[in-house]
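Here is how the chains run, residue by residue.
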Amino acid sequence: MELRHSIELLGVAAFAASGVLSAGRKGMDLIGVAAIAFVAALGGGTIRDLLLDRHPIGWIASPDFLWVCLSATVVTLAWVRVRQPPHRALQTADALGLALFVIGGTGIAEQAGQRGLVAMLMGVITGAAGGVLRDVLSAEIPMVLRPGRLYVTAAIAGASLYLALEAIGMPRRPASVAGMIVIALLRFAAMRWDVRLPPPGLPAGDLDPDM
Amino acid sequence: MELRHSIELLGVAAFAASGVLSAGRKGMDLIGVAAIAFVAALGGGTIRDLLLDRHPIGWIASPDFLWVCLSATVVTLAWVRVRQPPHRALQTADALGLALFVIGGTGIAEQAGQRGLVAMLMGVITGAAGGVLRDVLSAEIPMVLRPGRLYVTAAIAGASLYLALEAIGMPRRPASVAGMIVIALLRFAAMRWDVRLPPPGLPAGDLDPDM
Amino acid sequence: MELRHSIELLGVAAFAASGVLSAGRKGMDLIGVAAIAFVAALGGGTIRDLLLDRHPIGWIASPDFLWVCLSATVVTLAWVRVRQPPHRALQTADALGLALFVIGGTGIAEQAGQRGLVAMLMGVITGAAGGVLRDVLSAEIPMVLRPGRLYVTAAIAGASLYLALEAIGMPRRPASVAGMIVIALLRFAAMRWDVRLPPPGLPAGDLDPDM
Numbered sequence: 001m002e003l004r005h006s007i008e009l010l011g012v013a014a015f016a017a018s019g020v021l022s023a024g025r026k027g028m029d030l031i032g033v034a035a036i037a038f039v040a041a042l043g044g045g046t047i048r049d050l051l052l053d054r055h056p057i058g059w060i061a062s063p064d065f066l067w068v069c070l071s072a073t074v075v076t077l078a079w080v081r082v083r084q085p086p087h088r089a090l091q092t093a094d095a096l097g098l099a100l101f102v103i104g105g106t107g108i109a110e111q112a113g114q115r116g117l118v119a120m121l122m123g124v125i126t127g128a129a130g131g132v133l134r135d136v137l138s139a140e141i142p143m144v145l146r147p148g149r150l151y152v153t154a155a156i157a158g159a160s161l162y163l164a165l166e167a168i169g170m171p172r173r174p175a176s177v178a179g180m181i182v183i184a185l186l187r188f189a190a191m192r193w194d195v196r197l198p199p200p201g202l203p204a205g206d207l208d209p210d211m
Numbered sequence: 001m002e003l004r005h006s007i008e009l010l011g012v013a014a015f016a017a018s019g020v021l022s023a024g025r026k027g028m029d030l031i032g033v034a035a036i037a038f039v040a041a042l043g044g045g046t047i048r049d050l051l052l053d054r055h056p057i058g059w060i061a062s063p064d065f066l067w068v069c070l071s072a073t074v075v076t077l078a079w080v081r082v083r084q085p086p087h088r089a090l091q092t093a094d095a096l097g098l099a100l101f102v103i104g105g106t107g108i109a110e111q112a113g114q115r116g117l118v119a120m121l122m123g124v125i126t127g128a129a130g131g132v133l134r135d136v137l138s139a140e141i142p143m144v145l146r147p148g149r150l151y152v153t154a155a156i157a158g159a160s161l162y163l164a165l166e167a168i169g170m171p172r173r174p175a176s177v178a179g180m181i182v183i184a185l186l187r188f189a190a191m192r193w194d195v196r197l198p199p200p201g202l203p204a205g206d207l208d209p210d211m
Numbered sequence: 001m002e003l004r005h006s007i008e009l010l011g012v013a014a015f016a017a018s019g020v021l022s023a024g025r026k027g028m029d030l031i032g033v034a035a036i037a038f039v040a041a042l043g044g045g046t047i048r049d050l051l052l053d054r055h056p057i058g059w060i061a062s063p064d065f066l067w068v069c070l071s072a073t074v075v076t077l078a079w080v081r082v083r084q085p086p087h088r089a090l091q092t093a094d095a096l097g098l099a100l101f102v103i104g105g106t107g108i109a110e111q112a113g114q115r116g117l118v119a120m121l122m123g124v125i126t127g128a129a130g131g132v133l134r135d136v137l138s139a140e141i142p143m144v145l146r147p148g149r150l151y152v153t154a155a156i157a158g159a160s161l162y163l164a165l166e167a168i169g170m171p172r173r174p175a176s177v178a179g180m181i182v183i184a185l186l187r188f189a190a191m192r193w194d195v196r197l198p199p200p201g202l203p204a205g206d207l208d209p210d211m
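Residue numbers (my numbering), protein chains in the order written: chain A, 1 to 211; chain B, 1 to 211; chain C, 1 to 211.
Do not take every clue at face value.
Identical copies look the same in the list; a pair holds intra-copy or inter-copy alike.
What the hints assert, rightly or not - Calculated lysine to any residue pairs in the SDA-like style (CA-CA distance at most 20 Å, straight line):
#1 26 with 50
#2 26 with 143
#3 26 with 197
#4 26 with 192
#5 26 with 160
#6 26 with 196
Derived by calculation from the structure, the hints in this document are not laboratory data.
Just chain A, same shape as in the assembly (with noise of 0.2 Å):
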């Protein structure tokens, strides 16, 4: 309990952080890109919460998790003064932080009483909306939707993993620590080797069924 609350607390730092680094080149001010940070980290969790109904929402009942936000944000933006960012250790924590937020949303959701792809999908918006909402409100594509990411692939294999394991009988806590292994993994290999997925083979054109 006390241990996952440190660890939840450690993934609201390396998104803050890594959603501060990624705001560098838009052109925001100050204030912006703590806001970038804010929805970053803790932006997965809040759209779990209102899908489950689950109120008072994480940040809402625990405000430590909007402190160690701004902590996480503030030193970052005095960090990249000084020196160059540490990208190594900033990709090693988001591999961890997306981990735990993967497994920790997969387990609210099972206490809420959800199974399975619900389960699953509530796993993988808790570690990767976040990311999304950053890059909407860069006016960007989502990276977690681009090739060569294994972003929510990764989530979804981890996630999978945890609920089979359970299914089959494993207790809860090595099937969490197996699909967290999973999951960080997959980010590692993606990042170290540029594993990806096939292409969609979708035509190309100006398809427009909106039309």
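Place chains B and C on chain A using the hints.
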């Protein structure tokens, strides 16, 4: 009841297929395309349910929505690898999906005790918000808000007619059918003859009321 | 109570008019412009109510918000056909609308039992999220997050002052007025003298913490 649920599932399939096709030129990976399809097919109903505080929201209460969405995505992706996308069929399906989503969403708002403008807006949101979210995730101005689509216009006209006919005493079923026919006909007219609203007549300069 | 509701309606009208004008250069149709106006005027309060689980949300409980929004949209569209948009008047209305929305939203969060950082954030969201959604629908980086606006900054400063004055014992009404004055003055200062925050000092290169 059964018929209605079946038609709703057909609407979900049509919107998912149209989401897949519109994601074709965005440079997303396979999972990114699937995410766009989910958002296009289920986003409108999700926003309506959140606004009306209607829980569990549609696809959590009935996960068959998710399976239909997934199946339509896979079939569309497989289809476009072997032959041209069936544009005429998709346009028809999209128009029917819109007709059903708008009138269905208006009816759900009435069940939740809403009347008049609020009920009409809920219908429009059910039918059009999925397409808006789809385009926002692609960093584009939503197609449904652009000239020559009559998309939101058709939704407003159909929902208003349905509510007006009910208000003057027509039973729900024929009023629903009349509303749906108007929506589908307006969409077909927009596609065939390029019917469009007058331009808003706003100055095109760099207005910036924030400054 | 009555006065407050009247001022809120004025804020809605100002934000709707500013939404119409900012949609001018986007190539949307008439209904698209109206949709942007609704989102700009009602989006912030809607997100606040969803986050606080406050139902029915504002414009469902009081549909006069919708009618005011619609009227302001029609009047603005008619106005710009015969004469220049009244920029000075609109800027003033937008600044007053922001002042009222932020302090009003903070007060609503307090009524819902929130304090400190959460209450402040709810005020900021009430005032600024509508403008964020408006720009997201136009596929642009939100103006309120860009340098030289002091938009979110003014909201934070006013809400914080209001909460601080209350915390040291000042009654709600004068504390509200002080918070609103600070917001309006900061916005006027940003518009007249181009006051701005220091740049975030982030490296402008192609940082990509997702990779």
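Here is how each hint holds up against the structure:
no.: 1; hint: 26 with 50; result: neither (29 Å within a copy, 29 Å between copies)
no.: 2; hint: 26 with 143; result: both (15 Å within a copy, 12 Å between copies)
no.: 3; hint: 26 with 197; result: between (29 Å within a copy, 15 Å between copies)
no.: 4; hint: 26 with 192; result: neither (27 Å within a copy, 24 Å between copies)
no.: 5; hint: 26 with 160; result: neither (35 Å within a copy, 27 Å between copies)
no.: 6; hint: 26 with 196; result: between (27 Å within a copy, 16 Å between copies)
Comparing the model with each numbered hint stated earlier shows that hints 1, 4 and 5 do not hold.
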